Amino acid sequence: MILQHTIMPEQASDMAWHVDNVIWFITAVTGITGIGVYLAMLVFCIAYRRRTPNALGPAPTPRILGSHSLELAWTVLPLLLFLGIFGWGAWVYNKALHPPADAPEIYVVGKQWMWKIQYPGGQRVILGQNSLAYSQDIGGEGFFEGVMVLPVNQPVKIVITSEDVIHDFGVPAFRQKIDAVPGQYRATWYQPTKIGTYDIFCDQYCGTNHSLMVGKIMVVSEKDYQDWLDGKWKTGPGKNSVDGSLAHQGRQLFQKLNCIQCHDTQKSKAPVLEEIFNTRRPLKGGGTVIADDNYLRESIRRPRAKVREGWEPIMPAFGPDKVSEEDLIKVIAYIKSLKKGEMPVRTDDAPAPIGAPTEPPPPPKTTDGGTPK
Amino acid sequence: MSTTIEPRVHEQPEHPEAHPAHVSYLQDGYSIWSWLFTVDHKRIGILYLVFLTLFFAVGGTFAGLVRLNLISPHGAILDNDTYNKTFTAHGVVMLFLFLIPSIPAMMGNFFVPIMVGAKDMAFPKLNIASWYVWMLGSFVAIWALITGGLDTGWTLYPPYSSRFSHTNVVPGVFGVFILGFSSIMTGLNILVTIHRMRAPGMTWGRLPLFCWAMYATSLIQLLATPVLAITVALLGIEAASNALGTPIGIFDPAMDGDPILFQHMFWFYSHPAVYIMIIPGMGVVSEILTCFSRKNIFGYTAVAWSSVGIAVIGFLVWAHHMFVAGISYYAALLFSFLTMLVAVPSAIKVFNWTSTLYRGQISFQAPMIFALGFLVLFTIGGLTGIPLATLGSDIHFHDTYYVVAHFHFVMVGGMVLAYLGALHYWWPKMFGVMYSDFWSRIGSILIIVGYILTFMPQFWLGYHGMPRRYPNYPPEFQFLNIMSTAGYTVQLAGFLTIATYLTLSFFTGKKAGTNPWGATGLEWETATPPITHNFEHTPRVVCGPYEYSLNLTQTGGRADVR
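Here the protein sequences line up with chains A and B, keeping their order.
Numbering of the first sequence is given in our numbering, commencing with residue 252 and proceeding in unit increments.
Numbering of the second sequence is given in our numbering, commencing with residue 706 and proceeding in unit increments.
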């Protein structure tokens, strides 16, 4: 406790406790070893200093060539110590890497030089001190909050990616850090233990305003968190928008992008997407795949990479020019939310939604694929 | 090794004046061409020394700009872009133009052939070629840094470097590409020299530990540097293709490339490269500690083989730079485990060096102060590597100032001190003059104190979360940053002191004898400065390199004859 108010940074999460224990254990052990070596050096340097500094003379030193038992001791003892530290560190790392299964997911997208946070309920927050880029990114809409709000004592999973270069979402008070790599989802998690406001830094160098790609996390009580989500209070000048859940926004995109033309329960030309998330599915040409975030992402960005058994590769690729990272998250959130019988029904005479591809998708070569298993 | 080695009479001519004396390598031709077209390993070493000093001054100036900028939480003197270019320039110059060639190309060139008792390197023309390639690469790199600069950090991570950075990435990596070949040439040369050119009696067990260290270093240079060449070539292609508007995706995920692949390839060279930067320093320290404590090295075999052990295991630990970059849990386990193994040989060395001091006759001239400083600072640098190798704590420390402090303790507190120690130890041999004893002690102490003051606060900054490469930082970090910058000025004073008295030694320094430190190695049995072919007669080695307690040089002469 005394340490915490003097030289230790704030411990605001479950993980901070575990990480600090490892750090201080290593520091103590290596510190004792180091001081031992220094003391030996100091004692030798004083006790065995040359009394007549510049005279060489016949050197009256004993001819000591080494000691096998000492060599063995200072090979094996450090090795055992290092392996012990390794094991402890691996245990903490395992904990830090794997979120509890039921933790709600918050998506984070890094972009030069801001963080875009998307809550499951559709609330959005943009973090960063680079005021120039904000106006372009938020297009004048009042979504900008500037502070990421989290509930105390509740685990949350952070799923992270980047739109451009590699960033890193680091929260020193939580002792957690994860790279945001473009083209991939990575996950970490927090369980804040203390109400307060903490720094977020971008830890991976990302260009001009790398040092302004920073923000704050505000940890509040669970009731305050609910109120914040409901728009009852705000952390900054922006408007706290509740514009439907992510999945709801994804549903609108699903229609807009004309996915429903093929992913349809009535006349399916492509797999029906109900209840597929995190299930194992067979692939054309053998093998199976678990339909997780990264698989869903790949199937939208590059649909022909892994084609489901029983279906033809007819889907056009949706690159970043057609579906932005944030929209992709919404669509995936929608797919993940789909329960049996929730897919919308396509009606042929309905007009194509605004923004839908003008050309119909190429007709499938075979039409015998029924409802997939 | 038996303890009953009889002192023998030198196999020197009875009356040296009967033969026409060979002139020293410095007097063997005075024209500029006699330097530029030399194949003498000693002159090539001096050519390296001149430009290493220049590049160190350049890199140090960039470091000064970085530190000066950080005294204010919003950047005191530079805008963000200029700051990014400055720290990149500092990294590129210090690593590729100074640290990697420093001891290997300068001291290795000058002293490995003499210490093994050879007339020259195995491939003298390859040797001068490596210097020209190094100069070419250096000028391409510096040209890239001056005209437009490079703002990617020395790590050059794509897709930032290949698509988003509109700076001189292509010429910059081309410079690094060229520099690599110089490193390979030098490594190959030293490796073959140690294998094939040893004097009669110079068995592996009698090889000075500096040569063992250079052997291990050369192995890394030879095997790892080609991977760097491939990596920067691929990166250059991707960056150039982007600039030309016909993108070729290798690492860029927007074109199905893999940015993590670059990190694997980059660190496959760059982690072993940090051992290129530290193992030669370990060799130097073994020479100096024994000489100034007049003791045999404690555990010769352990110290020699731990260099090789570091070199070999050092190839297997690269992904410990990527624990939060999204490698799999099991990959992280493996690389953390292997990193723990590579820490052991370094620990062995430190224990052996400390034991070498036991019951010695220790004197504290400048080379010894640098060597003891190395021991203190390298130990801190090594021990603070353990939290970075440990998975749980690396999550927090990754990419913070803790990492900056850790590798500066190893690189600067380790290698730069060893380089200065080597320079002071061998200065009389290289130039035949002594520098000021008093001022050299002042200079070395200033530098050690300056280092501690500069980099100690950065451990605290890193633990409290200050990220690397940040010109803007929260105001609560300002005090420690100012302390760190103050440390830089102390170091600067130390370096200026050293530059002054070393320069003055040419004009006012006492003439140095053949063996001013009373040391045992073969390099102390040649003339001071050495003649062009190093030895009048091929030396015959009769004992190990550190027979200080028997007061024997490696050819069996008395060591304490100055």
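Honestly, the hints are just simulated from the structure, not real lab data.
All values derive from a computational prediction rather than experimental measurement.
The beta-carbon is built from N, C-alpha and C at its ideal position, and this holds for glycine as well.
Treat the hints loosely; a few may be bogus.
Residues from chain A shown here face chain B by an in silico Cβ test under 10 angstroms; the list is partial [as the list claims (entries may be wrong)]:
| hint | residue |
| --- | --- |
| 1 | 284 |
| 2 | 352 |
| 3 | 423 |
| 4 | 428 |
| 5 | 523 |
| 6 | 524 |
| 7 | 553 |
| 8 | 554 |
| 9 | 558 |
| 10 | 562 |
| 11 | 564 |
| 12 | 566 |
Chain A stretches covered by chain B per the calculated footprint, using a threshold of three residues with CB under 8 angstroms from any CB of chain B [unchecked claim]:
| hint | stretch |
| --- | --- |
| 13 | 323-335 |
| 14 | 363-371 |
| 15 | 453-464 |
| 16 | 469-483 |
| 17 | 580-594 |
Label pairs and their in silico Cβ distance ranges [claimed, not checked]:
| hint | chain 1 | residue 1 | chain 2 | residue 2 | range |
| --- | --- | --- | --- | --- | --- |
| 18 | B | 851 | A | 535 | 34 to 42 angstroms |
| 19 | B | 1161 | A | 448 | 38 to 46 angstroms |
| 20 | A | 298 | B | 1208 | 21 to 29 angstroms |
| 21 | A | 380 | B | 766 | 57 to 65 angstroms |
Check each numbered hint against the structure and report the violated ones by number, ascending.
Numbers 2, 5, 6, 8, 9, 10, 11, 12, 14, 16, 17, 18, 19, 20, 21 - these are the hints that the structure violates, sorted from lowest upward.
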